[in-house]
Amino acid sequence: MPEAYLYQTRFGATPQSDGTTRFALWAPSCEAVSLELENQAPLPMQAESDGTFTLTTSCPSGARYRYRVRDDLAVPDPASRSQPDGVHGPSVVTDPSSYIWKTRNWAGRPWVEAVIYELHAGLLGGFDGVRDRLDELKALGITAIEIMPVNSFGGTRNWGYDGVLPYAPTQAYGDPDSLKRLIDTAHAKGMMVLLDVVYNHFGPDGNFLHDYAEAFFDHDNNSTWGTGIAFAQPEVADFFIDNVLYWLMEFRFDGVRIDAASAITDHAWFGKLRKRVAGTIEPGRYVHLILENENNDAGLLRDGYTAQWNDDGHNVLHVMLTGEKEGYYEMFADNPTRILARVLHEGFTYQGEMNPYSGKKRGMPSGDLPATKFILFLQNHDQTGNRAMGERLISLAAHEALHAAYALLLLSPMVPMLFMGEEWGCTTPFLFFCDFHDELADAVREGRRKEFAKFASFQDPEKRKTIPDPNALSTFDQSRPDRDERATLDGRIWLDRTHSLLSLRKRFLVPRLSNVHSLDASVIGDKSVLARWKLDDGSILSIAINLSDHETCKISEPATLLYSSAARRAVEELPPGSLVAGLE
Numbered sequence: 001m002p003e004a005y006l007y008q009t010r011f012g013a014t015p016q017s018d019g020t021t022r023f024a025l026w027a028p029s030c031e032a033v034s035l036e037l038e039n040q041a042p043l044p045m046q047a048e049s050d051g052t053f054t055l056t057t058s059c060p061s062g063a064r065y066r067y068r069v070r071d072d073l074a075v076p077d078p079a080s081r082s083q084p085d086g087v088h089g090p091s092v093v094t095d096p097s098s099y100i101w102k103t104r105n106w107a108g109r110p111w112v113e114a115v116i117y118e119l120h121a122g123l124l125g126g127f128d129g130v131r132d133r134l135d136e137l138k139a140l141g142i143t144a145i146e147i148m149p150v151n152s153f154g155g156t157r158n159w160g161y162d163g164v165l166p167y168a169p170t171q172a173y174g175d176p177d178s179l180k181r182l183i184d185t186a187h188a189k190g191m192m193v194l195l196d197v198v199y200n201h202f203g204p205d206g207n208f209l210h211d212y213a214e215a216f217f218d219h220d221n222n223s224t225w226g227t228g229i230a231f232a233q234p235e236v237a238d239f240f241i242d243n244v245l246y247w248l249m250e251f252r253f254d255g256v257r258i259d260a261a262s263a264i265t266d267h268a269w270f271g272k273l274r275k276r277v278a279g280t281i282e283p284g285r286y287v288h289l290i291l292e293n294e295n296n297d298a299g300l301l302r303d304g305y306t307a308q309w310n311d312d313g314h315n316v317l318h319v320m321l322t323g324e325k326e327g328y329y330e331m332f333a334d335n336p337t338r339i340l341a342r343v344l345h346e347g348f349t350y351q352g353e354m355n356p357y358s359g360k361k362r363g364m365p366s367g368d369l370p371a372t373k374f375i376l377f378l379q380n381h382d383q384t385g386n387r388a389m390g391e392r393l394i395s396l397a398a399h400e401a402l403h404a405a406y407a408l409l410l411l412s413p414m415v416p417m418l419f420m421g422e423e424w425g426c427t428t429p430f431l432f433f434c435d436f437h438d439e440l441a442d443a444v445r446e447g448r449r450k451e452f453a454k455f456a457s458f459q460d461p462e463k464r465k466t467i468p469d470p471n472a473l474s475t476f477d478q479s480r481p482d483r484d485e486r487a488t489l490d491g492r493i494w495l496d497r498t499h500s501l502l503s504l505r506k507r508f509l510v511p512r513l514s515n516v517h518s519l520d521a522s523v524i525g526d527k528s529v530l531a532r533w534k535l536d537d538g539s540i541l542s543i544a545i546n547l548s549d550h551e552t553c554k555i556s557e558p559a560t561l562l563y564s565s566a567a568r569r570a571v572e573e574l575p576p577g578s579l580v581a582g583l584e
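Numbering (UniProt numbering), first residue to last: 1 to 584.
Worth double-checking, as some hints may not be accurate.
Unchecked claim - Computed cross-link-like contacts, DSS-like style, restricted to lysine-lysine with a CA-CA straight-line distance of at most 30 Å:
| hint | residue 1 | residue 2 |
| --- | --- | --- |
| 1 | K275 | K373 |
| 2 | K272 | K360 |
| 3 | K506 | K138 |
| 4 | K465 | K361 |
| 5 | K450 | K360 |
| 6 | K272 | K361 |
| 7 | K465 | K325 |
| 8 | K465 | K450 |
| 9 | K102 | K506 |
| 10 | K361 | K454 |
| 11 | K465 | K454 |
| 12 | K373 | K360 |
It is worth saying that the hints were derived from the structure and are not from the lab.
Put together the whole structure using the sequences plus the hints.
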């Protein structure tokens with residue numbers, strides 16, 4: 001196995017075996033482009049028939065450069081691998097061989113072993129700060145960390161979904177080698193590292209593509225996030241497929257999660273990506289392609305994609321735990337107990353039915369898919385941070401019911417995902433934050449406050465003024481999980497609970513999940529469901545959950561009791577806010 005890894009991308013600055021560097025920029029709106037290496041005279045680039053401009057020249061690692069696309073405009077490389085001065089500064093040629101990998105025999109882990117921990121690298125102290133947390137996460141039972149987008153964005157603070165340079169890890173978290181060091185260390189501890197990637201739009205600050213590659217965009221498919229992307233254009237398709245492979249091959253990520261996949265309107269692109277990944281990854285290596293897909297497109301899950309975030313599961317559990325029914329939660333407010341039973345039995349709630357929130361049909365049948373195709377969560381960056389005040393579920397739900405739902409999360413055959421701090425019952429908010437300035441900052445601040453005007457609690461303009469300013473440094477600081485809570489009584493209880501549940505999952509469930517399928521799920525009372533799955537060895541996992549505030553009907557005690565969230569272990573009637581899991 002090599003000590004260093006290099007993936008040859010179609011675009012960008014790529015070192016060659018003879019010591020030169022190949023530069024390639026797709027600029028179909030331009031008649032001429034020059035490469036401007038810092039402190040050197042401009043070098044004219046060769047125009048290709050497809051609108052690409054290329055040049056191969058001697059160039060050391062660390063050299064700074066821009067592309068001159070107009071007399072009055074020099075731009076960073078859209079495929080830049082390093083932007084130490086931010087998205088408006090020059091790009092930097094990197095040497096992939098500068099980092100010597102220690103875990104050269106790492107082949108990843110099977111998907112059924114995944115217990116995911118979603119995190120924001122900036123809030124945890126950058127790439128090195130995350131690396132310092134790996135031991136405690138491993139000890140807890142976490143097997144995979146999922147990092148919110150690391151692509152370069154405007155400013156120094158952002159969720160990452162406003163990125164404009166998708167190949168360049170943001171300098172706000174560390175340099176490219178520090179990201180590789182984080183991944184290498186995780187692999188040495190037996191942990192996978194997954195990356196969120198955003199391909200359906202570019203952020204509003206630092207995107208120069210309109211100036212030289214207007215064909216990159218599809219104006220017929222604009223969204224609330226920005227101008228649509230022309231994925232049917234071969235150069236655009238390759239730009240993003242190469243980006244996935246760059247992260248997988250050069251940085252050795254174990255998988256990517258494609259954000260807002262439903263906004264990528266060229267469905268054929270997903271097939272191209274899957275085939276390119278399958279044809280590039282080393283034999284025997286586990287790599288996982290994960291989707292966030294509002295359309296509940298079960299077809300992609302049958303066609304080689306590993307899993308999908310199960311928003312339906314989150315939404316119905318949120319409604320049952322909090323009673324909230326505004327916004328998209330309205331879709332899950334009518335008989336949520338029946339909806340939860342369907343989620344546990346078939347994966348998706350919406351499988352082609354009319355969505356009352358959008359007025360359109362949503363989803364396709366998913367009952368034939370194994371439970372491990374669905375990632376279940378109670379909290380994530382979206383569902384927490386898109387609340388006006390960023391409240392975590394622990395401040396919205398009754399403790400007993402939340403405990404039961406947490407046990408369901410960690411003991412169901414679906415792949416569980418925790419959001420940073422959830423393991424100790426973190427109470428600090430997670431807010432929407434960014435680092436824009438001037439008119440853009442004003443637009444983002446006022447746009448966010450206006451967005452909440454339709455909610456009953458924020459119809460008063462004065463109340464909306466209390467919504468934190470996303471651009472304020474204090475908003476970022478408030479979102480940092482308070483690690484001192486780990487040492488409190490409640491924090492220790494939640495940590496012990498998390499460790500116990502994940503130990504049970506590792507011992508009793510993971511070895512039996514490779515061929516799991518649902519048997520049934522039935523409503524047994526108000527906010528109460530009994531679900532059963534057949535595992536690999538023929539044993540049956542049963543989970544009975546009661547999220548109401550009163551006892552529900554009697555249930556049979558399982559042959560092997562795995563977990564009971566209620567104080568008493570002998571179970572007849574299911575107590576309020578409780579769960580019982582067992583094997584038969």
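How the hints compare with the structure:
Of the supplied pair hints, the one linking K275 and K373 holds, its CA atoms being roughly 19 Å apart against a limit of 30 Å. The suggested pairing of K272 with K360 holds, with an alpha-carbon distance near 28 Å, which does not exceed 30 Å. Restraint check: the Cα-Cα separation between K506 and K138 comes to about 12 Å, which is no more than 30 Å; the hinted pair holds. Of the supplied pair hints, the one linking K465 and K361 is violated, its CA atoms being roughly 36 Å apart against a limit of 30 Å.
In summary, the hint linking K450 to K360 is supported, as the alpha carbons are separated by about 25 Å, within the 30 Å threshold. Between the alpha carbons of K272 and K361 the distance comes to roughly 26 Å, so the proposed pair stays at or under 30 Å and holds. Taking the CA atoms of K465 and K325, the gap is about 23 Å. The hint holds against a cut of 30 Å. For the proposed pair K465 and K450, the alpha carbon gap of about 10 Å is at most 30 Å, so the pair holds.
Restraint check for K102 and K506: satisfied, since their Cα atoms lie roughly 27 Å apart, inside the 30 Å limit. Distance restraint check for K361 and K454: the Cα-Cα separation of roughly 24 Å lies within the 30 Å cut-off, and the hinted pair is therefore satisfied. Simply put, K465 and K454 have alpha-carbon atoms about 14 Å apart, close enough for the 30 Å limit, and the pair holds. Between K373 and K360 the alpha-carbon distance is near 24 Å, which keeps this suggested pair within the 30 Å criterion.
Violation of the numbered hints given earlier is confined to hint 4; every other hint is satisfied by the structure.
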